[in-house]
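Residue numbers (the UniProt record's numbering), protein chains in the order written: chain A, 1 to 403; chain B, 1 to 165.
Think about it this way: if two alpha-carbon atoms lie no more than 30 Å apart in a straight line, the pair counts; the simulated DSSO-like pairs of lysine-lysine are:
(1) Lys323/A <-> Lys137/B
(2) Lys357/A <-> Lys137/B
(3) Lys59/A <-> Lys357/A
(4) Lys357/A <-> Lys308/A
(5) Lys357/A <-> Lys302/A
(6) Lys287/A <-> Lys142/A
(7) Lys210/A <-> Lys45/A
(8) Lys302/A <-> Lys137/B
(9) Lys59/A <-> Lys137/B
(10) Lys308/A <-> Lys287/A
(11) Lys357/A <-> Lys323/A
(12) Lys323/A <-> Lys59/A
None of these hints come from the bench; they were simulated from the model. Predicted model only: the values in this text are computed from it and were never measured.
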Amino acid sequence: MAELNVEHARTSDSDRMIVNMGPSHPVTHGTLHIVLELEGEVIVKATPQIGYLHRGVEKLGENLTYQQFIPLTDRLNYCSSLMNNVGYTLAVEKLLGIQDPPRSRVLRVLCSELARIGDHLVCIGINAVDIGAFTAFLYLFKERETIYDLFEMMAGQRLHSSFTRIGGLFRDIPPEFEPLCEQFLDSCPRAVDEMERLLTHNPIWADRTKGVGAITPENAISWGYTGPCLRAAGVAQDLRVGQPYLDYETYDFDVPVGTTGDVYDRYLVRTEEMRQSFRIIRQCLDKLKEIGPGPVIIDDYKIALPPKEKVYTRMESLIHHFKLIMHGIDMPVGEVYSATEAANGELGFYLVSDGTKAPYRIHVRPPCFPIFSSFDEQVKGRLIADAVSILGAMNIIAGELDR
Amino acid sequence: MVIERIDEQLPGAILDRHAFRGDRTVVVDRSRLLEVVDFIFREGYQQLMDVTAVDGGQRDPRFDVVYHLLNLTSQERLRLKVRVADQESVPSLVSRFKSADWSEREVADMFGIPFEGHPDPRRLLMWEDYPGHPLRKDYPLDGGDAFCSQDIGASYAPDARSLNG
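Bound conformation, chain B alone (with noise of 0.2 Å):
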């Protein structure tokens, strides 16, 4: 399989790994990444379907960002998780696949987490001066005042911040 391959080629570059009702998760080294995808586009993986991430909170290191991957001879998919702390830069995919420019431009936008070497990094969703990102844990559900620049996203209403209650 192509964890284990990974293992031998690139010794080192997977940290952590998990399955879970049949979908691999091999987590890498974020210095690692650009080998480690180079690596499975040549054992087949070329479609990068989607690029997301998680905001772990309190979490040390804060984020994670995921990638899925398609196998179309195979039609295998493998999840690979990068962790970064805030602040922090991932390489960016873009100069191998060509579907990662909007979905890192979304995650930098809605997570604030930059991709180096991104050859455009423009907000995507929110215009260039919007404050936060929104999809940060915490972030105000109801938005927050967007147009007020002194108390960026402050929540109109600080009890409302969960739907149930």
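If we strip away everything but chain A, and leave its shape as in the complex, we get (with noise of 0.2 Å):
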């Protein structure tokens, strides 16, 4: 397509360039490319090229058990792969019609709002540093590490972690994760402080995102903003608070929302998020007192696998286990879709079932391709300098992009 665009511009007006932006320039945050039809210094149209890192990701889960679906949902959102494990397996326990334990549930949701704050500090520190400010950028990676060290206590894992199972996960957390979560709810919100110290009232940040990139609400609803983007816009939709999973009614917390939509209140929209899932964080641990120890997992072996120690000395476990490895769980005929609000958006799930070990479809929604699909609208008329940062405050995440 780039070759057609310089073709069209070259025949209908002198004075455009085209300029391609990516696919792998350092802005592009993964592999995008976008082609700028430039007017002087004025973007007069930007078309977005994706499907780069196309994996067919929907094909392959066709010829997977629901089981081994769950490594593939790592890899969409790479910032915050546990939330698309817990985002897919609730999915999945829908189909099901069941339901995790009350300590697995807690779980979930304190892994969601660690991944939420890692999701977000990126986010902010990558818009940060895109657009010029360095040190903000330093503040925050520190304490994405500590994060990171809390998932590998979980997972086993940092990145790619497959923690969730259907019907529970895959284990409890080990007795070294709650001090150090303690000190990361301490370190971090001072963290985020010096952040705000030195981006909320700087005024090269306030002149590169104020103004940049506002929406109306009704053209956010209609280009299918979900999350922070449509938040920032001034519309208070959160699936937490809207469609609750996994308990959240029982969390106190709170839903922050802007009023212009720009890249300056999505930064501001973020921070806040961040605050509130420190908030949640510490109900999380609260609540881990109070259930004490217990299943994370649910007790039936026709959907979740048996522990070792029973496979390894009762036949019927071992049958099950044999069962569920080779033949899969008995999945009842229908269809649904499953949406979680992670750290970018609504996350969805639409799962076909035919009865077999595999789905028949399944499709995910990620957040960030309907919030993608308005950069043109975004950008036009205005500099590139400004398409670098709002490109930075959709968060586009190729991996779930294109799948």
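Combine both chains into one complex, guided by the hints.
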């Protein structure tokens, strides 16, 4: 398409210049290719080209069992893979009509909120780096390391966690988890404050972000915006409040809302969301103490694998283990759409089951896909420098954009 | 509820309906999709979350085009379905929802379902002269030999269609 655009520009208007942003420019966050048509320094048209990372995740999912798909969800958004695990597992549990044990539900909330903080840290930090503020990024990245340490304690993996199982979790958290989490809850809010001192009232940051990429609530809804970008435009839509899952209705937190929907408001909304997530994590730790030790996966060997001690000592459990691995779970015939509030917005999984061990159709609704589709409208009439800050604030994750 | 009101206002537009685990689905007559969408838009379903399709394989008509809509006020969701045969087109919803633009392009790219009245009907993920539509059930899992134009979509290894043997 790049060639076609060049041809069009040559014949129609000789003053127009084509600039390719990406596919491997540092500001394009992965591999995104954006063809910009410029008149002088002003962007006349932006044509995003996606598909560079397309791995056919949905097609693969149709040929794997429900359990085997969990590691593929990690690769959708590598900044918050735990959240993708939770979202997918909830969809399968909705299809099965089951619920995981209370302790697992609290742990799922805990790891989702940690992932949300990690995602926002990266988004704000990298957006600041793209715009030219490097120091804030360093303050934030130190805390992100602690989040990955916590993930490693939970799941045994830092980046691709594959932590959830259908009906619960892979394992309980180790005793060392809580002290480190407390330490994190103490140090990370301070880092966020430092970042705010560096950015929020910084005149250069304000000049580069205020009024850039502003969008009306009606337009944001029509473009299918969800998450921080929609809330920054003034629509108080949060699935954790609107359609609570994992007992989110029992947690005490606020939904920050912006007014203009510009890059500055998106930054403010994300910053405040991190503070709300600290509150939720604090409540999770209290709840874990309240619930005490207990199972983190359901006690139904037709869905979740029996514990290894039983597999080695009891015939019945060995058969269950074999049947689950070789034949999978007995799925009801039907279709569900399950959505969770991921860091970036609504992460939906649409599953169609025909009763066999593999889903007949599996579709991922990534949050950044509809947001990125409005890129042309957002950057029209602005400068390339604004395109960079808008792209960063949209938090495009190429892995889930083209799946 | 909105489904009863569609029945009242637009009799005959709904061909089939079912509910499963709290998800409500209505199958809409293809020729009346725009009417139904206009009606439920006025009823508050103003966010088109997602458009996708399901390939029924040997079934007739072959495809289901699936729309997920959200009512932001009441937080209710509704799934619309339209049944289409191979090569049959579906009316585009871009004039009503801006988010339909890329979603419909993706469905057209991955399933080969044309959307009538789409302002920009290019492929979205694959390149322009890519042969075949990867999410169709008869498309080989290993991707086939995309560069061999004589034998479009033929598998590199015909016996490697399933990862589970």
